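Undergrad: Following the hints, complete the assembly by docking chain D onto the known chain Y.
These are the residues of each chain, in order.
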Amino acid sequence: ELKVEQNPLFLSMQEGKNYTIYCNYSTTSDRLYWYRQDPGKSLESLFVLLSNGAVKQEGRLMASLDTKARLSTLHITAAVHDLSATYFCAVELNSGNTPLVFGKGTRLSVIA
Amino acid sequence: DTEVTQTPKHLVMGMTNKKSLKCEQHMGHRAMYWYKQKAKKPPELMFVYSYEKLSINESVPSRFSPECPNSSLLNLHLHALQPEDSALYLCASSRRQTYYEQYFGPGTRLTVT
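In order, the protein sequence lines correspond to chains Y and D. Going by the working numbering, the letters in the first sequence line up with residues 1 to 112, in that order. Going by the working numbering, the letters in the second sequence line up with residues 1001 to 1113, in that order.
Same shape as in the complex, but just chain Y (with noise of 0.2 Å):
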């Protein structure tokens, strides 16, 4: 059975710092998407990893994926207010037909 494991589950930081969210996860895979949910809101696509090695950037954050370690990292740069909210990642096996297996989730909270 397939288990992803998120940490931290909460994060509090400062605004203009660093931080990176862990994505653990059990099972050989080598595809990995990283999510952002608002409050109340749906979940919108941030990145799609699907070798290993791969490495995305978008604005602050960046994704990479270490399909030998079964790893991947959500690297935040220089956190602004507007990055407050959930990040989940979500683990597909690689075997087909299997539904997507989501980790906890991560809530951040960028303060001033």
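I should point out that these hints are in silico values taken from the structure, not numbers from a laboratory. One should not assume that every hint holds.
Here are the computed distance ranges between Cβ atoms for each label pair [said to hold, decoys possible]:
1. Y:111 with D:1014: 40 to 50 Å
2. D:1022 with Y:22: 36 to 46 Å
3. D:1111 with Y:78: 35 to 45 Å
4. Y:20 with D:1012: 37 to 47 Å
5. Y:75 with D:1051: 32 to 42 Å
6. D:1010 with Y:9: 24 to 34 Å
7. Y:1 with D:1065: 22 to 32 Å
8. D:1055 with Y:1: 15 to 25 Å
9. Y:5 with D:1077: 34 to 44 Å
10. Y:82 with D:1040: 16 to 26 Å
11. Y:24 with D:1010: 30 to 40 Å
Treat the numbers as computed from the prediction; the structure is a model and nothing was measured. Every residue, glycine too, gets a C-beta built ideally from N, C-alpha and C.
TA: Relative to chain Y, chain D alone:
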């Protein structure tokens, strides 16, 4: 058109009511999904349709009945729900069931009284 739409946005229903949630996409995606999300929790998969056929049912109670009338439309029929079924119901679609990113709709906030 790169969006998934859902109606209604909000729904309040009694335990004896019958209602339906609707989801639509016009991206040519052939996989569509229903998720249930409780507050401060990740989405939980309920159903997956692939090429208009039910592919995955995650042991969902029969009071939830999905329907996929065509490749663009997905319904979720609700009957005799319980208060604990109150949640945000999210629809998603992807080009195919595996190896493709899922796009989520805005959700229906359901309250069962």
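Undergrad: All hints, please: hold or fail.
TA: Verification of the hints:
Checking the proposed 40 to 50 Å range against residue 111 (chain Y) and residue 1014 (chain D) shows it holds: the Cβ atoms sit about 42 Å from each other. For the pair residue 1022 (chain D) and residue 22 (chain Y), the beta carbons lie near 38 Å from each other, so the given range of 36 to 46 Å is met. The hint said 35 to 45 Å for the Cβ distance between residue 1111 (chain D) and residue 78 (chain Y), and at roughly 40 Å that hint holds. The given range of 37 to 47 Å is respected by residue 20 (chain Y) and residue 1012 (chain D), whose C-beta atoms sit roughly 41 Å from each other.
For the pair residue 75 (chain Y) and residue 1051 (chain D), the beta carbons lie near 38 Å from each other, so the given range of 32 to 42 Å is met. Range check, residue 1010 (chain D) to residue 9 (chain Y): about 28 Å between beta-carbon atoms, so the 24 to 34 Å window is met. Checked against the hint of 22 to 32 Å, the C-beta distance between residue 1 (chain Y) and residue 1065 (chain D) comes to roughly 27 Å, which is consistent with it. About 19 Å separates the C-beta atoms of residue 1055 (chain D) and residue 1 (chain Y), a value consistent with the hinted range of 15 to 25 Å.
Taken as a hint, the range 34 to 44 Å holds for the pair residue 5 (chain Y) and residue 1077 (chain D), whose Cβ atoms sit roughly 35 Å apart. For residue 82 (chain Y) and residue 1040 (chain D), the Cβ-Cβ distance of about 21 Å falls inside the hinted range of 16 to 26 Å, so the restraint holds. Checked against the hint of 30 to 40 Å, the pair residue 24 (chain Y) and residue 1010 (chain D) passes, with Cβ atoms roughly 36 Å apart.
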